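Position chain C relative to chain V; hints supplied.
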Amino acid sequence: MEEHDKFKSQIRSIYRLLATLMLLFGITALAIVYLISDPTLSFFKEPAAVEEYVVTPSEDDFDKIENGIHVRTGFKDAEGLMTVVNNCTNCHSAQLVIQNRMNEERWKATILWMQETQNLWDLGKNEDIIVNYLVTNYPPQNKGRREILRNISWYDLTE
Amino acid sequence: MKRRLFLTRTAMSSLTALIGTDIVFGALIPNGYTPLLLQDPDPFTLFKKDKDMVVLNDKPWNIEAKAHLLDDDITPNKFMFIRNNGLIPENIDVNTWTLTIDGEAVNAKKTYTLAELKTKFKSYTYQLTLECGGNGRSEFDPPAKGNQWTIGAVSCATWTGVRLRDVLEDAGFTNKAVYIGYHAADVHLSRDPEKEPISRGAPMAKALQDETLIAYKMNGQDIPLAHGYPLRLVAGGWPASVSGKWLQRISVRDRVHDGTKMTGDAYRVPCNPVAPGEKVKDEDMCIIESMPVKSLITYPQSGAMIKEGQKLNIRGHAWAGELEVTKMEYSIDFGATWQNCPIAKPKNRLAWQNFSASIAFPKKGYYEVWARATDANGTSQPMLLPGWNPKGYLNNACHRIAIKVT
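Chains V and C, in that order, give the protein sequences. Residue numbers 1 to 159, in this note's numbering, belong to the letters of the first sequence in order. Residue numbers 1 to 406, in this note's numbering, belong to the letters of the second sequence in order.
So that you can see chain C by itself, here it is in the shape it has in the complex:
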């Protein structure tokens, strides 16, 4: 009921815009009556997403981009993927919103209002790559369970907020601190108030990095509702599930955080490689930390036909979790030969890097342009699917687009 009221309040005001026409006899609609349309709202309008974004799931909302939509250096909201584990919180009141720091490894619980966070601590802005751990899941064989992300669950927006480290130091934590775990306002799918849809976190070393933010702005504006308004964690380079949305509480733990989706198959992969489809014991699963090296060709859109003799200009982004991308290559002959192309420095640590190339094709025909990034440790993207794992995480296989020269 509450959800409907919330939707009514937010959507009724823009009802006309939503359906693109005046409601005939609008004044005759009784109070409390919800037109059928609003019970199943258009996510593109609701979340201000581009019409070409792909809805994988509407309960919970999971929406991804396509490669060519991610062409911007800084991802705007309209092209940013949504990965929700539960229901978006209702009735958010920024005037009463607080963040509490608690846990086994703090001396005393401490609570901050939004205004206190914004005034008491220095603010920082970083461009940070957030990629869903399951981005690319749809390619695994045997298929892995969950939302079947293709390539579009990645973004690199600018985030403004205070350093998690500054807040944790102000609150005071002990030398027993091992891990932080977040708790948030989203609602479990079963609406059981005792259950959290997701409560993940990061080891202290990641929590204390300069770029790990408690953010309140995205691309210079209030964070959109679907992306964690009014407060969220942002831990670039790690599975985006570490960057908890609608943040209310951070527990400084004296052990590895054991919240929802920290255990079992969730965001964990076999510690040692396994054969496709193999059963893996719980104790043989390890938590994903830094994301692997990866890249996307964001221009042109796959399917371009060019004339013989015409050069093809390509561009895209590459990123490598905690590391920097140091080499970028492309191939037009399925990996038989590779050509280097320039890769720009990141705007700051943990931001994706831009590459571009101008390609000449030797003769008419069907081609695929494959892109391959290499990180500072010398590790490259595989052309085939990387190691199978039960939930289909960490697919960083090379991206490719189809080209015809006619």
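Chain V on its own, in the form it takes in the complex:
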């Protein structure tokens, strides 16, 4: 009998130990789940002012060149590229520049117009670098009075 009681109490203590371990495990699990959802424990803190983060790739990637193209803007990689990027993509996108084909005189007139009406700053020595980049890399093409149709994607039409 004594042996039987002893066995019973052993079972009880093992049961208590297991129950305690389960409880501890449960509490830990809950804490981990909470930390995942609120790693800064903000629930227990005064709400702080919202800060803005912007993740930009490292400096090397930011001005990456691929196949002769400045990836971020689409500009051709050539002499004067970064001067153009830094002065001509603050207000409008590079796409507006790339679409246009002008000679030196008309680019200079366009720069003057932007300075007079669009808050463009004095470009100083950079103006020649920029205009030279533009007329060299994006020269006007002769189109005549009407071009032929180009880039036709042919497909079968059955009705």
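Treat the hints with caution; some may be incorrect.
Partial selection, computed: residues in chain C whose CB lies under 10 Å from chain V [said to hold, decoys possible]: (1) Asn62; (2) Gln301; (3) Met305; (4) Lys307; (5) Asn340; (6) Ser356; (7) Arg400.
Just so you know, the hints here were simulated from the structure itself, not pulled from any lab data. Values in this document were obtained by computation on a predicted structure and should not be read as measured data. Glycine included, every Cβ here is placed at the ideal spot set by N, Cα and C.
Only chain C this time, still in chain V's reference frame:
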């Protein structure tokens, strides 16, 4: 900063949809952190545009359609071009939005809330053709400065709103009134609050037309943000820049409105024809009013190959600014001969008109189908580029598609 917050608010909620997958550890993204993706949002999702639309410029947004995307009788939002001069306004609150009528030629300034406009005045719905003055600019030689639109900066949606005339009459204007000029909530590219990206207008005669609306609905729904939500002018048949978006104020002027893009080369063409590339003095430039006669073949898409003996069914739209299109023709021999085809009446004045034809080809080979509309004054579309002008406006040369018979 504000722009980013705005984008975050609108786009965060649909972040999952936007990138098509759950963000792993999404819950770990700190408050205020903007994933790189949202700083350069996908315009097709942002503006609910079809993937085949062409982005010419992302700052400011300028997006155009292709001919075959404009096949619908009534242009849905997904195929409607976007022409922005500045940045789309942020933090639009329809509960506090007002329209003010002021200017030299009103007795007193008057302000209306959106609710007042909608309840006080009768509403009208019209289908109205809006074409960018620079549509077709890409074809000019020497090249003209600006967004290089090809053919897709035109639309014909239904617009619902109140007549500008009713509002101007309620506000009261004097016999000194010459022109109206609009002022809007969009933001200058330089973010200079003193500058307006665009502030154009129209002579009183156009402002007082039945079809000139202060609109609050497009195709039966709230106007999409990129198209002027919550309020815009719609002046069909004139350069679309007259139809100011995000409308807040209309000035009744005692002179021709002199707001941004009313002067210089903007929306003005030489009063007398000039040689290509010629310099034109400021005083020799005239403001564009009604747009010229024009048409588009919207079916089939260019590049169709058909079997010998198979007929080709074509269809499209034609419009002529203030006028009606009275004749529609097509040619399959580069203009040597022209065939008439039926042109339907417009749904209302200033709406585009539908045409269709069934074409038989004499033998195998490469063809182009050219379309030519003629307006009520007998003026037709040219096959070659019309008169050169410094900013490349008003290119209404015939549209054509390529066909192969095999």
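Interface hint outcome for C:Lys307 [beta carbon to chain V under 10 Å]
The hint holds - C:Lys307 has a Cβ within 10 Å of chain V, the shortest such distance being about 8 Å.
Quick one, is the C:Arg400 hint okay against chain V at 10 Å, beta carbons?
holds, 7 Å
Have a go at the C:Asn340 hint: is there a Cβ in chain V nearer than 10 Å to its own Cβ?
violated, 22 Å
Chain V contact restraint on C:Ser356 - CB to CB distance below 10 Å:
Cβ of C:Ser356 sits 13 Å from chain V, so the hint is violated.
Chain V contact restraint on C:Met305 - CB to CB distance below 10 Å:
C:Met305 check passes; min Cβ-Cβ to chain V is 5 Å, inside 10 Å.
Given C:Asn62 was flagged as interface, is its beta-carbon under 10 Å from a beta-carbon of chain V?
Status holds, d = 8 Å.
Under 10 Å, Cβ to Cβ, is where C:Gln301 needs to be relative to chain V, so tell me if that hint holds or is violated.
Hint on C:Gln301: holds, closest Cβ of chain V at ~8 Å, below 10 Å.
Of the hints listed earlier, those the structure fails to meet are numbers 5 and 6, in rising order.
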